[in-house]
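Engineer: First to last, the protein sequences are chains A and B.
Residue numbers for the first sequence follow this note's numbering, so the first one is -9 and each next one is one higher.
Residue numbers for the second sequence follow this note's numbering, so the first one is 7 and each next one is one higher.
Be aware that a few hints might be false.
EDC-like, lysine to aspartate or glutamate: derived pairs with alpha carbons at most 20 Å apart [to be verified]:
{"id": "1", "chain 1": "B", "residue 1": "LYS446", "chain 2": "A", "residue 2": "ASP19"}
{"id": "2", "chain 1": "B", "residue 1": "LYS485", "chain 2": "A", "residue 2": "GLU60"}
{"id": "3", "chain 1": "A", "residue 1": "LYS203", "chain 2": "B", "residue 2": "GLU414"}
{"id": "4", "chain 1": "A", "residue 1": "LYS482", "chain 2": "A", "residue 2": "GLU398"}
{"id": "5", "chain 1": "A", "residue 1": "LYS291", "chain 2": "A", "residue 2": "GLU191"}
{"id": "6", "chain 1": "A", "residue 1": "LYS475", "chain 2": "A", "residue 2": "GLU191"}
{"id": "7", "chain 1": "B", "residue 1": "LYS446", "chain 2": "A", "residue 2": "GLU346"}
{"id": "8", "chain 1": "A", "residue 1": "LYS101", "chain 2": "B", "residue 2": "GLU377"}
{"id": "9", "chain 1": "B", "residue 1": "LYS446", "chain 2": "B", "residue 2": "GLU377"}
{"id": "10", "chain 1": "A", "residue 1": "LYS101", "chain 2": "A", "residue 2": "GLU50"}
{"id": "11", "chain 1": "B", "residue 1": "LYS172", "chain 2": "B", "residue 2": "ASP202"}
{"id": "12", "chain 1": "A", "residue 1": "LYS467", "chain 2": "A", "residue 2": "GLU50"}
{"id": "13", "chain 1": "A", "residue 1": "LYS291", "chain 2": "A", "residue 2": "GLU60"}
{"id": "14", "chain 1": "B", "residue 1": "LYS362", "chain 2": "B", "residue 2": "GLU147"}
{"id": "15", "chain 1": "A", "residue 1": "LYS101", "chain 2": "B", "residue 2": "GLU414"}
These are computed hints drawn from the structure, not numbers from a lab.
This one's a predicted model, so the numbers in the text were calculated from it and none came from an experiment.
Each chain, written out:
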Amino acid sequence: MQFYDSHILSVVLFTPVAGALLMLLIPRDNAAAHRWMGNLFGFLGLIVSLPLLWRFDVHEAGFQFLETHEWIPSIGARYTLGIDGISFLMVMLTTVLGAISILSSWSAIRKREKEYYILFLLLQTGMLGVFMSLDFVLFYVFWEVMLVPMYFLIGVWGSERRLYAAIKFFLYTLAGSVVMLLAIVAIYFNAHTFDIRTILEAPHALFSVQLQKWLFWGFFFAFAIKVPMFPFHTWLPDAHTEAPTAGSVILAGVLLKMGTYGFMRFSLPMFPDATTAFRWIMILLSIIGIIYGALVCMMQKDMKKLIAYSSVSHMGFCTLGIFALTPLGLSGSVIQQVNHGISTGALFLIVGVLYERRHTRLISEFGGLSTPMPNFAAVYMIVTLSSLGMPLLNGFVGEFTILRGVFEVPVYGMRWAAWGVIGVVLGAAYLLWLYQRVMFGNVTNPLNEHLPDMNAREYATLLPLVALAFWIGLYPKPLFRVLDKPVEQLIKHYSPGYYQAPPLAPAPSASGESPQPERK
Amino acid sequence: MRDILFQIRDIPLILPELMLAFFGMAILLTDFLLEKEQKSWNAVTAMMGVIFSGLSLWIMYPSARAGLRGFRGTIVTDQFFIFFGFIFLAATALVILLSARYLEIEGEQHGEYYALLLFATVGMMLLACGNDLIVLFIGLETMAISFYVLTGFLRRDRRSNEGALKYVLLGAFSSAILAYGFSILYGISGSTNLEDIETAVATRPATDLLVLLALATVAVGLFFKVAAVPFHQWAPDVYEGAPTPITAFVSVASKTASFALLLRLFLTVFHPIRVDWEMLVAAVAVLSMTVGNIAALTQNNVKRLLAYSSISHVGYILLGLVAGNELGLKAMAFYLLVYAFFNTGAFAIVIILRRKGLIGDELEDMNGLIERSPGAAILMLIFLLSLAGIPPTAGFIGKLLIFWALIETHHVVLAVLAVLYILPAVYYYFRIVAAMWVSKAPEGPRPRISLAQALALGISVAVTLAAGVYPEPFLRLAKYSILPFFRS
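With the hints as extra help, turn the sequences into a complete structure.
Structural biologist: Following this line, the structure appears as structure tokens:
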């Protein structure tokens, strides 16, 4: 127990690896054992991360649960883990979605279970490591390690064009990350350390403005490809569509967040001058992404592809919020990232439910499903509403806060927000239209007449997400409180004194009709 | 004193070489006493030779700091020698472990095979410890001639013969050019001793035509030996034709030995005219990465693919020399050390696929390996990730060090090129991965792995992962190896 107290992050990080190593010892033929072990350790990974919920101190400004050990003294790299409010939310999102998506593979994956569950657990560790690392070398190692299991999840267990999608995903993301590697090395030569905390806590001018600009672009490609921002998104529809259900859930739910997380952890606080200088490009790309993604959704015939493109649109909101560079924009963006993980994760699970029954994802194959599957229809409706930003559900909180944050930007804010609102409207259109085509009307295809409703395992995967959607929609205050300190840390680079001066925004009483955050 | 060719106390300095030569000859003598079924004892004898040689190196370790010289200054046993000596011995040991079963299947169990392996290693050792043009040249030829024979060892195989002939012709060609360069160096300085030559070269201006001619000829000879573009044409044919354990040996040990020679010459003799060769080496490095990576994209033979990929690795290693600072050289030493293990490991997987009636070196022979032999498929994945430079493997740390050295010395453009060439590399390595993991397994017996092969694979993968996850000890070794060049 004492070990757990002092190494809590390491335990969370390496529980999946421990499971993977144990599974190596079980013979391949025993598929049931692998299924059980995979689920056991997926669930265990969630359990060991739960104590973080009450141990995390929202009033603490710096990183918490720090652990640091010598690793490679020759090159000055250390094994340093720690989380702040932003990474805390990402870690929890990862463990929750990880457990859920492993459970969702139970009947969907019926070949080579051993490799599947081992790779899935390794992927879990890779993603957690990205959010926890406070050393650049360690961060980069996890950032790349995670690509390999994802390649296999898409390439081995995906659908028809899986190999193409898998290598495309790998090469695209790798292209961004190798450039980032050079930027990391360049940072070392100017800061003389790989320690992220030291660089973050340094006073403003650690890098010259010129260098900041170079470094900003060095990191930009890695993150923009991951998010994905507008011209770098083309890997995403292929990867999401071809991946197995659980892979899509993790891709959309967690992997994309690594990009936005990177922007918030590195680009914003480390290169503030460059960020200000290039902000308009980032905003422009975000807005294009929001609208373009939404328009492309309208054209899709394949349910999964539609949801994949909706990710482009929704993640556009997240980057819009980040580069608004206002407190509300930033915290709204993180909350929207969590929301996107929940809602889009759930949407992919819903497509998975249909795919397991009909082995097709074409919208035209379905229609009138609410008759044979009434409970499914209800769950799907809630998820749809949560994704399109219906008040009382989670999506609304995120989108609204982002738009408020963008609005606060002097001069241009209103125009940016106006463009963003178009995305909200289009989002409602394509999601409801999809729902209508799949669920309403008469059953047109005789194959759909006797589809069984959801089973217990499917409830177990979807209901927790629905519950989270309601919770965030009704009472988002805990999330905002977690984000208070980290956002304050970020914003001091852009509007110093924001928190000292009287609030620029109208008093909280003006927002009585919406769940508004309470700022100190 | 000067009349005595050598003294008895010089002998311990070449004890590692003597051990190898002794056991090599012992194999030749005992070979014809062995029945056909007992031929694997030759491998045991060869292994003994490697072990004893390693022990002698180990004994020298404490005195290496002093950089003892012997044979009238022609041999120097410094940290550089100890480090590279151990790489050569490790590679030789791995190749011996991988050879026994392979030769049995090929039906070519001759004692000469192991004897030549040991003689080649003697040549490599001399390359690492020679401090004199004559010794270096003799070492180079000892190694090269052993390799010519070993490449053509499968007498009944057309590809093996073709490879050997190409290797002999081009090798002789490059040796001649190198010898010409050596003769110019002798002409400049009137001595074959490297320090004397360095002093003589340093007194001349960097634009001296004679020095430039010597540099150009020696560089061409060396680039031939390490298979750098545009002197690489022999490599794919030799790699494809040679018995696979020898392919591994050529691509690892012979390359490392040639790099040892290259480092020794460029860091002593040509050190004063660094401005002349920096651009030259940079150009060759970029060409090697370009040609190696692009040609590998379309190969359907795994050995050929690995041949082209190893050309691109030469490019990466040369970049360390372009950076030329302590970190760059450390990166080269580290890269060569770990490359010996993961590249041998990759060839080892091709070796275990060999069985009667199946050569096993085509891409489609890898199909569905995960079904047929999951262990082999996972090991191959780790080796390929390391070759591509994906963490947490040794290859990643090696590449990271190279990039780091380049950035430190402000070669940003080279660094960007070098990282971008990881992308095609991942593409072609992952063609193998996709074949192993996704394609349908063909009918037929599952590949069997002998105990010796399993041991070799185990060592390779252990080093690949250990140097990737916890590289500190390996980095210390690499730093140790380049101490002789940073004494002043």
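Engineer: It remains to establish, for every hint, whether it holds in the given structure.
Structural biologist: Going down the list of hints, with the structure as the test:
Between B/LYS446 and A/ASP19, the direct Cα distance comes to roughly 18 Å. Compliance with the 20 Å bound is thereby established for this hinted pair. Straight-line distance between C-alpha atoms of B/LYS485 and A/GLU60 comes to about 19 Å, which keeps the hinted pair within the 20 Å bound. At roughly 19 Å between alpha-carbon atoms, A/LYS203 and B/GLU414 fall within 20 Å of each other, so this suggested pair holds. For the hint pairing A/LYS482 with A/GLU398, the CA-to-CA distance comes to about 16 Å; that is within 20 Å, so the pair holds.
Between the alpha carbons of A/LYS291 and A/GLU191 the distance comes to roughly 49 Å, so the proposed pair goes past 20 Å and is violated. For a cut-off of 20 Å, the pair hint linking A/LYS475 to A/GLU191 stands: about 14 Å separates their Cα positions. Restraint check for B/LYS446 and A/GLU346: the C-alpha separation of about 24 Å exceeds 20 Å, so the hint is violated. Proximity of A/LYS101 to B/GLU377 is assessed by CA-CA distance (about 11 Å); at most 20 Å being required, the pair is judged to hold.
A hinted pair counts as satisfied when its Cα atoms are at most 20 Å apart, and B/LYS446 with B/GLU377 qualifies at roughly 9 Å. Taking the CA atoms of A/LYS101 and A/GLU50, the gap is near 47 Å; set against the 20 Å cutoff, the hint is violated. At most 20 Å may separate the alpha-carbon atoms for a hinted pair to count; B/LYS172 and B/ASP202 exceed this at roughly 36 Å. In summary, the hint linking A/LYS467 to A/GLU50 is supported, as the alpha carbons are separated by about 17 Å, within the 20 Å threshold.
A threshold of 20 Å between alpha carbons decides the hint, and for A/LYS291 with A/GLU60 the separation of about 53 Å lies outside it, so the pair is violated. The hinted pair formed by B/LYS362 and B/GLU147 fails the criterion: a straight-line CA distance of about 34 Å is larger than 20 Å. Between A/LYS101 and B/GLU414, the direct Cα distance comes to roughly 49 Å. Violation of the 20 Å bound is thereby established for this hinted pair.
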